[in-house]
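If you read the protein sequences in the order shown, they are chains D and F. If you count the first sequence from 1, position 264 lands on 264 in my numbering, and the numbers rise without skipping. If you count the second sequence from 1, position 214 lands on 590 in my numbering, and the numbers rise without skipping.
Check the hints yourself; a few may be wrong.
As the list claims (entries may be wrong) - Subject to a maximum C-alpha distance of 25 Å in a straight line, what follows is the list of computed PhoX-like cross-link-like pairs (lysine-lysine):
#	chain 1	residue 1	chain 2	residue 2
1	F	Lys638	D	Lys263
2	F	Lys765	D	Lys327
3	F	Lys765	D	Lys270
4	F	Lys407	D	Lys270
5	F	Lys608	F	Lys479
6	F	Lys556	D	Lys327
7	F	Lys479	D	Lys327
8	D	Lys196	F	Lys407
9	F	Lys479	D	Lys270
10	D	Lys270	F	Lys424
Rather than coming from a laboratory, the hints here were simulated on the basis of the structure.
Residue strings, one per chain:
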Amino acid sequence: MSFTFTDDQRQLADSIARFLADKYGFEQRNKIRKGDGGWSREIWAEFAALGWLALPIAEEHGGLGGTTVDLALMMEQFGKALVVEPFVATIVLGAEIVAKADPARAAEILPQVAAGEHLLAFAHSEPNSRYDLPRVSTMATQGDEGWILDGHKAVVLHGDSADTLIVSARTGGRDDERDGITLFLVPGDAEGLTKKTYPTIDGMRGADLEFDGVRVGPDAVLGEMGHALDIVEGVADRACVALAAEGVGAMQATVDLTTDYLKTRTQFGKPLGSFQVLQHRAVDMLSETRFAHALCYRTAGLMDTVGGVERARAASIIKAEIGRAGKMVGEEAVQLHGGMGMTDEMAVGHYFKRLRLIDVTFGNAGHHLSRIVGMA
Amino acid sequence: MDVVLSPEEEAFRQEVRAFLAEKLPADIAEKTGNGFRISKQDHVRWQKILHEKGWIAPNWPAELGGTGWTPMQKHIFDEECALAGAPMVIPFGVTMVAPVIMKFGNEAQKERFLPRILSSDDWWCQGYSEPGSGSDLASLRTKAVLDGDHYVVNGQKTWTTLAQHADWMFTLVRTQDTGKPQEGITFLLIDMKSPGISVHPITTLDGSAEINSVFLEDVRVPVENRIGEEGKGWTYAKYLLGHERTSIAAVGRSKAQLRKLKGIAKVELAGGKPIIEDPDYARRLAQIEIDLLSLESLVLRTLYAESEGKPVGAEPSFLKIKGTQIQQGLTELLMEAIGPYAAPYQPEAFRDEGWNEEPVGPDYGPALAPLYFNWRKASIYGGSNEIQKNILAKMVLGL
Numbered sequence: 001m002s003f004t005f006t007d008d009q010r011q012l013a014d015s016i017a018r019f020l021a022d023k024y025g026f027e028q029r030n031k032i033r034k035g036d037g038g039w040s041r042e043i044w045a046e047f048a049a050l051g052w053l054a055l056p057i058a059e060e061h062g063g064l065g066g067t068t069v070d071l072a073l074m075m076e077q078f079g080k081a082l083v084v085e086p087f088v089a090t091i092v093l094g095a096e097i098v099a100k101a102d103p104a105r106a107a108e109i110l111p112q113v114a115a116g117e118h119l120l121a122f123a124h125s126e127p128n129s130r131y132d133l134p135r136v137s138t139m140a141t142q143g144d145e146g147w148i149l150d151g152h153k154a155v156v157l158h159g160d161s162a163d164t165l166i167v168s169a170r171t172g173g174r175d176d177e178r179d180g181i182t183l184f185l186v187p188g189d190a191e192g193l194t195k196k197t198y199p200t201i202d203g204m205r206g207a208d209l210e211f212d213g214v215r216v217g218p219d220a221v222l223g224e225m226g227h228a229l230d231i232v233e234g235v236a237d238r239a240c241v242a243l244a245a246e247g248v249g250a251m252q253a254t255v256d257l258t259t260d261y262l263k264t265r266t267q268f269g270k271p272l273g274s275f276q277v278l279q280h281r282a283v284d285m286l287s288e289t290r291f292a293h294a295l296c297y298r299t300a301g302l303m304d305t306v307g308g309v310e311r312a313r314a315a316s317i318i319k320a321e322i323g324r325a326g327k328m329v330g331e332e333a334v335q336l337h338g339g340m341g342m343t344d345e346m347a348v349g350h351y352f353k354r355l356r357l358i359d360v361t362f363g364n365a366g367h368h369l370s371r372i373v374g375m376a
Numbered sequence: 377m378d379v380v381l382s383p384e385e386e387a388f389r390q391e392v393r394a395f396l397a398e399k400l401p402a403d404i405a406e407k408t409g410n411g412f413r414i415s416k417q418d419h420v421r422w423q424k425i426l427h428e429k430g431w432i433a434p435n436w437p438a439e440l441g442g443t444g445w446t447p448m449q450k451h452i453f454d455e456e457c458a459l460a461g462a463p464m465v466i467p468f469g470v471t472m473v474a475p476v477i478m479k480f481g482n483e484a485q486k487e488r489f490l491p492r493i494l495s496s497d498d499w500w501c502q503g504y505s506e507p508g509s510g511s512d513l514a515s516l517r518t519k520a521v522l523d524g525d526h527y528v529v530n531g532q533k534t535w536t537t538l539a540q541h542a543d544w545m546f547t548l549v550r551t552q553d554t555g556k557p558q559e560g561i562t563f564l565l566i567d568m569k570s571p572g573i574s575v576h577p578i579t580t581l582d583g584s585a586e587i588n589s590v591f592l593e594d595v596r597v598p599v600e601n602r603i604g605e606e607g608k609g610w611t612y613a614k615y616l617l618g619h620e621r622t623s624i625a626a627v628g629r630s631k632a633q634l635r636k637l638k639g640i641a642k643v644e645l646a647g648g649k650p651i652i653e654d655p656d657y658a659r660r661l662a663q664i665e666i667d668l669l670s671l672e673s674l675v676l677r678t679l680y681a682e683s684e685g686k687p688v689g690a691e692p693s694f695l696k697i698k699g700t701q702i703q704q705g706l707t708e709l710l711m712e713a714i715g716p717y718a719a720p721y722q723p724e725a726f727r728d729e730g731w732n733e734e735p736v737g738p739d740y741g742p743a744l745a746p747l748y749f750n751w752r753k754a755s756i757y758g759g760s761n762e763i764q765k766n767i768l769a770k771m772v773l774g775l
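Please model the entire structure based on the sequences and the hints provided.
Here's what the structure looks like:
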């Protein structure tokens, strides 16, 4: 568990906050997301130069060996600034899977990732799988010289810009069996791969990927044949915590924007903030944020020390909570901003959209509540 | 959730249903059903079909071109239209300004404006809100100064829905700065083609631009376009707001949304089973159905009281709050129904221009998350739900 931060951790958070305040204000962020590719290669290079891409990667793979708490501190700052760069896709998901699945390949790939020179994406979810991780129907069949992939991967986060896709596919078992799922490393420009790419509603990038007889060599297999699900679940659990930390940052920024607005906007001759009913609602928003923050870091502290059901349960609890609390804070913030909250020019709506889409990434509040109930 | 209908009412329902089956253009119904935007041409096309049948204005007295329907008939009509996928009749003309013109306008104004509202030859918008006056409408500052037989109007209106299409705007303007803020407000009808008017779209959360800022710079408005007396605009506006809030409950539309939601929940899978079988989702669906039934019950009671000539009182505020909560709850369940496919932003798939490509994700998917984000407006517009609660606290509780 983590209830206090070390000096190093505070300095890390402060330095990220300072960098983002300087280079990633709301206007700059909008320019970035509307620009080529939807995110900034320059900013990514600076993240790399500052060591932020290396921080969550283990030392033996060329990283700095940061903890999940360190990762959460970074994600919280990214949430405050609504960072759109492919950090979750490449670092939280991609690098972590490679490291867990195949240390030998990790030693080869991750130094490039940490240097900002190689982008990853995790292609797992499918049109009918929703949030069920074992439900994989993309097929990998053995060919003369390797494997042939066929299937459809849905809403792959930053799947448009990845140099390498990590693709889950069935090499055995059927439908939702735990066994029989294998991971493959597939070049982003592989022949037979059709990408439908799009911006997402919250300003990120996504892609639907159709694999139509995509051929890869025998060395494309990442880790053990048929036993990828444990790794996928572990990485997804940790991603839930990272996304929750991002959500906590977005919630805090949303509360700050809302209280500022309540202080400055006048109606009926008084600032909105002078109306008690609105004060109480702002306090409720802040309260949700404080509780979510505490739970998030407690969970982050646990992630590196526990496994199995305990880890899964902790991850589901924070993801369910961030889904519920993030929705409450986002909806209230828009409501308290009145008509202004509905406009694209105000930042508050963008935080609201990110909070709602964090909920539909790796399982919404309802899904995780059911998962918790199922574990009891 | 059927209300028991009399044989006459049931016959009326069948008549409406048959009319819709025959006359509602399939392309328009399809757009409505998918949550795509309806173009101005489509709206006008449908409204002219209703007008031809004499059914465009259920809220008008029969002698002026209304239908003469009972409240129950109006309710049946709204519900059947929504279930058939008919676009809503744009309310600014028929539902909002027309009753004001009928009650407070002079004969010349009635003759000039009402027929063109009925025939949808004029498209109206509402110029009430201003950047500094949202819920506090009486603080509005757009100024109108009398100059001979014209008012010269200067100011800015905002949140002006569909102003980009409008021929006319009904506005509240300030003609007097002294006294209570409500007392210096005048109700003017402004020709949108007047020199000095400019309309600027406002992009909203969902990426659309249905609302606008309207700038008025030395706009000359003939005195003959003033409704009633100078300085009495507040009274007329309040009369209008009562009308708006009963329709804002939108029971028929919510029923149609619920039906659509159930259809989607039967085909969207979680854990290999339709989400309608998911206990959590099913309970939330059942709760919203209960809420909708209770909303409909109070709507019907209110309409019956109105038909018996009883004052409407505070009911519209209850209906507005509950109605918008249900609408928002439905959009939330719709967005959640498609899971990760809520994320792709595909505006070209739900805008009113033609689009023939396959969307990413299910066909019914692209409009759902934008609908959820867009519908946050419902608890803000038409007097925010907080304002409705203030009204109820005063009127009902005496606090």
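Restraint check for Lys196(D) with Lys407(F), where alpha carbons must lie at most 25 Å apart: Status holds; Cα separation ~24 Å.
Pair hint outcome, Lys270(D) versus Lys424(F) [Cα-Cα no greater than 25 Å]: The hint is violated at about 46 Å.
25 Å limit on alpha-carbon distance, applied to hinted pair Lys638(F) and Lys263(D): Violated, at roughly 43 Å.
Satisfaction of hint between Lys327(D) and Lys479(F), Cα-Cα up to 25 Å: 44 Å, violated
Lys556(F) paired with Lys327(D) [C-alpha distance capped at 25 Å]: Violated, at roughly 40 Å.
Given pair status - Lys270(D), Lys407(F), alpha carbons within 25 Å: Roughly 44 Å between the alpha carbons, so the hint for Lys407(F) and Lys270(D) is violated.
Given pair status - Lys479(F), Lys608(F), alpha carbons within 25 Å: Judged against 25 Å, a Cα distance of about 13 Å means the pair holds.
Holds or violated: Lys479(F) to Lys270(D), with C-alpha atoms at most 25 Å apart: Given that 25 Å is the threshold and the Cα spacing comes to 35 Å, the pair is violated.
Holds or violated: Lys765(F) to Lys327(D), with C-alpha atoms at most 25 Å apart: 22 Å, holds
Lys765(F) paired with Lys270(D) [C-alpha distance capped at 25 Å]: 19 Å, holds
Of the hints listed earlier, those the structure fails to meet are numbers 1, 4, 6, 7, 9 and 10, in rising order.
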